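**Q** All residue numbers for the sequence shown refer to our numbering, where the first residue is 324 and numbers rise by one.
Hints in this document: simulated from the structure, not taken from any laboratory. Predicted model, so just to flag it, every value in this text is computed and none were measured. It cannot be assumed that every hint is accurate.
[To be verified] With a Cα cut of at most 27 Å, we get these calculated BS3-like pairs of lysine-lysine:
| # | residue 1 | residue 2 |
| --- | --- | --- |
| 1 | Lys460 | Lys349 |
| 2 | Lys683 | Lys620 |
| 3 | Lys341 | Lys376 |
| 4 | Lys341 | Lys460 |
| 5 | Lys758 | Lys460 |
[Said to hold, decoys possible] Here are the simulated distance ranges between beta carbons:
| # | residue 1 | residue 2 | range |
| --- | --- | --- | --- |
| 6 | Thr582 | Arg748 | 20 to 28 Å |
| 7 | Asp583 | Met632 | 19 to 27 Å |
| 8 | Gly679 | Val511 | 25 to 33 Å |
| 9 | Ala705 | Lys623 | 39 to 47 Å |
No residue lacks a Cβ here, since even glycine has one placed at the ideal position from N, Cα and C.
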Amino acid sequence: MQPTLPARIGQACYKCFKEEDAALSKCSSCKRVVYCSTACQASDWPTHKGICKILKAARHPEFGAGYAGLWDASTDENRGSSIALVYSRKLLSFASHQSGGLPLRKADEYLITHEPKCLACARPAHVRALTPCPECKTVFYCSPGHWNAVHAAHISSRDGERSQCATNRDIRAHEIFRTTDAGEQLAVRPWVPSRIANEWAPLASEGSVSQWEEAFGDELRREFNLTDEAPVERYLWSISEPMSMSMTILYALQELNDTDAWTRSETLDIHVVGSYEMEVCHANVFEELLHRLPQVKHLKIMFCGPELMAPNIVQLVQVTETFGVNQCCAECRRRDRTRRHMYTPEFYHDFVARQGSRFKNPDLAIVFNSGASEESMATWPATFNCFITRKIPAVFTAYNRTEADQEATLLREAGATLWPSLTRRRNPWASLIAKPEPARVLGFFYESGWLAGGFR
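Could you put the whole structure together from the sequences, leaning on the hints where they help?
**A** Written as structure tokens, this is what we have:
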């Protein structure tokens with residue numbers, strides 16, 4: 324399990340994640356992580372020692388030369404966020420160079436991007452001692468003056484969203500749940516309810532915790548032996564991140580089709596474009612498509628994208644296929660239903676061209692959190708054109724509003740006629756888990772948090 328947020332910001336043991344009533348001591352070398360005992364530190368050392376050396380080197384005063392003036396001049400969280408991003412990119416570049424160009428482990432990257440920083444000026448903790456917000460304990464300040472400058476904004480709602488302070492408290496509550504037996508169980512193997520619906524029920528579109536509870540609350544209580552009075556919200560948070568993929572697919576199909584005939588198709592063919600770790604690691608949640616579409620007999624999921632060639636993804640695919648993780652549940656097999664996964668490690672437009680006349684449009688091509696406006700900008704236009712010219716039903720999701728707006732613009736410029744219910748709006752089936760924007764002091768993102776654009 325990845326270290327919790329409190330562990331990443333030095334408020335919980337980096338090995339066992341204990342934070343309550345624990346006597347925590349900093350690593351004497353990098354001073355970036357803390358441990359509750361010498362046993363935990365010794366156990367973690369083989370993994371930590373690589374990034375420890377890099378973090379220690381980055382603490383040298385010369386590394387931050389040139390930033391002191393920027394830090395001193397900033398008393399605004401938006402300016403501070405921009406400074407933090409630039410400085411974190413410098414640290415990441417330095418870390419990559421020190422590791423011989425090899426990619427950092429995700430946990431090590433988080434130690435750089437999630438280092439505590441002053442909310443006002445972005446001055447990092449290794450430069451000056453910081454004090455956490457007494458309420459959320461996740462935002463920091465370097466002086467009373469800087470705290471006074473940003474405190475009101477920190478506790479105020481923004482654009483109809485909960486305040487940064489309240490959202491941070493939600494995140495910590497979820498991180499605590501992650502360390503419980505139930506939380507760890509849900510993290511190891513994403514949960515899919517065993518019930519199979521008697522008929523298709525259209526999905527709600529308002530987007531809320533209560534919407535998720537109506538969809539999954541009863542099954543969670545039954546399968547985890549929870550009483551009717553027991554709070555189920557943390558369970559919903561945990562399942563929502565992977566389950567968002569299935570629910571977003573169903574919602575997109577519902578919105579793009581004029582009738583519900585698609586719910587009675589013998590075979591449902593879904594192409595997951597730009598696939599990477601999130602989609603492959605949690606692929607068993609696509610079983611929920613069969614469980615909500617009882618008249619569909621066969622589900623075909625094709626994962627497509629050059630990132631599938633990454634060694635860790637190749638190994639993950641081998642493990643999941645070898646141990647039958649992606650086969651249907653026992654009840655679906657009894658009903659002669661099938662779920663077939665295929666993997667195509669290439670750009671989607673190249674795959675379509677290679678198929679030639681054999682290619683048939685899927686029921687939906689879904690692109691989760693594409694980053695098309697920020698990454699691989701040279702290759703996405705060819706995929707846009709492929710979708711549009713072949714009239715392939717497609718939907719793009721994004722982590723946040725900014726990315727959704729930018730990708731909607733790119734899709735329109737490519738010639739797509741976007742459907743209003745699937746464009747530039749909060750995804751009603753987004754993950755419930757907010758995550759702090761990496762390398763910044765402001766902002767959150769969600770897995771498939773926004774619908775960037777849908778068309779057919």
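**Q** May I ask which of the numbered hints given earlier this structure violates, with the numbers listed in increasing order?
**A** Hints 7, 8, 9 contradicted; others consistent.
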